[in-house]
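Kindly produce the complete structure, drawing on both the sequences and the hints.
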Amino acid sequence: MAKFVFFAALILFLVLENDGASVGSCGDEECKFGSYCSLSASGEPKCVCPMACTMEYRPVCGSDGNTYGNLCNLKVKSCQQKKFITVIKEGACSDDDELKQRIAEDESELESEQFNSPPYLDPELMNTLNPEGKMSKFEEVEEDKKTIPNEGGGREN
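Residues -20 to -1, 1 to 137 in mature numbering (1 follows the signal peptide of the UniProt record, and there is no 0) are what the sequence shown lists, from first letter to last.
What the hints contain is simulated information worked out from the structure, not anything from laboratory work.
Here a beta-carbon is modelled for each residue, glycine too, at the ideal position from N, C-alpha and C.
Some hints here could point you the wrong way.
[Unchecked claim] Straight-line Cα separation of at most 27 angstroms, BS3-like style, residue types lysine-lysine; simulated pairs: (1) Lys57 / Lys69; (2) Lys12 / Lys55; (3) Lys26 / Lys62; (4) Lys26 / Lys57; (5) Lys12 / Lys69; (6) Lys55 / Lys26; (7) Lys26 / Lys69.
[What the hints assert, rightly or not] Restraint-style ranges between C-beta atoms, simulated for each label pair: (8) Gly23 / Thr47: 25 to 33 angstroms; (9) Lys12 / Ala32: 16 to 24 angstroms; (10) Glu9 / Gly71: 30 to 38 angstroms; (11) Leu19 / Ser74: 41 to 49 angstroms; (12) Asn50 / Ser22: 16 to 24 angstroms; (13) Glu9 / Ser74: 32 to 40 angstroms; (14) Gly7 / Ser74: 42 to 50 angstroms; (15) Thr34 / Lys62: 18 to 26 angstroms; (16) Tyr37 / Lys63: 22 to 30 angstroms; (17) Glu10 / Cys33: 18 to 26 angstroms.
In structure tokens, the structure reads:
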């Protein structure tokens, strides 16, 4: 009986581990905009967008000016259009949100440019990195000699 349970657990693990879906790189392509890697019927890796969301109605206003039934619906549309769409507020969009939409669209454009450009580290900042490659906890600002906290401890990828 113990052998049967072990083999059943092993088979279940292998099926779940190799279901063809993973996030990140997908062959030569990197999956973006919320897509994930899935194997096609022919066994080729391909980035695909999620298709199903719950029917729960919790409207959000997107940076594209559209109201979505919930956050999942916004993410699916973002993936399908291959465009960054962010939530500018919980609830339906209104005319008052026009300025916020413009700001969010500008931020989305900046985000997409950042995602498509290689990372850059100023050589002068290299001296402020600790052995783990993170910026030190506090940095001194030259202009006014104030010490400011660096909450994030540097960027992590």
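The hints, checked one at a time:
1. Lys57 / Lys69: 17 angstroms, holds
2. Lys12 / Lys55: 11 angstroms, holds
3. Lys26 / Lys62: Within the cut-off at roughly 15 angstroms; holds.
4. Lys26 / Lys57: 18 angstroms, holds
5. Lys12 / Lys69: 23 angstroms, holds
6. Lys55 / Lys26: This hinted pair holds, its Cα atoms lying about 18 angstroms apart.
7. Lys26 / Lys69: 33 angstroms, violated
8. Gly23 / Thr47: 25 to 33 angstroms: Given about 40 angstroms between the Cβ atoms, the range is violated.
9. Lys12 / Ala32: 16 to 24 angstroms: Hint holds: Cβ distance 20 angstroms, inside 16 to 24 angstroms.
10. Glu9 / Gly71: 30 to 38 angstroms: 36 angstroms, holds
11. Leu19 / Ser74: 41 to 49 angstroms: Between Leu19 and Ser74, where Cβ atoms are some 43 angstroms apart, the hint holds.
12. Asn50 / Ser22: 16 to 24 angstroms: 34 angstroms, violated
13. Glu9 / Ser74: 32 to 40 angstroms: 38 angstroms, holds
14. Gly7 / Ser74: 42 to 50 angstroms: 43 angstroms, holds
15. Thr34 / Lys62: 18 to 26 angstroms: Distance hint for Thr34, Lys62 holds at roughly 23 angstroms.
16. Tyr37 / Lys63: 22 to 30 angstroms: 24 angstroms, holds
17. Glu10 / Cys33: 18 to 26 angstroms: Once the Cβ atoms are compared, 24 angstroms apart, the range 18 to 26 angstroms for Cys33 and Glu10 holds.
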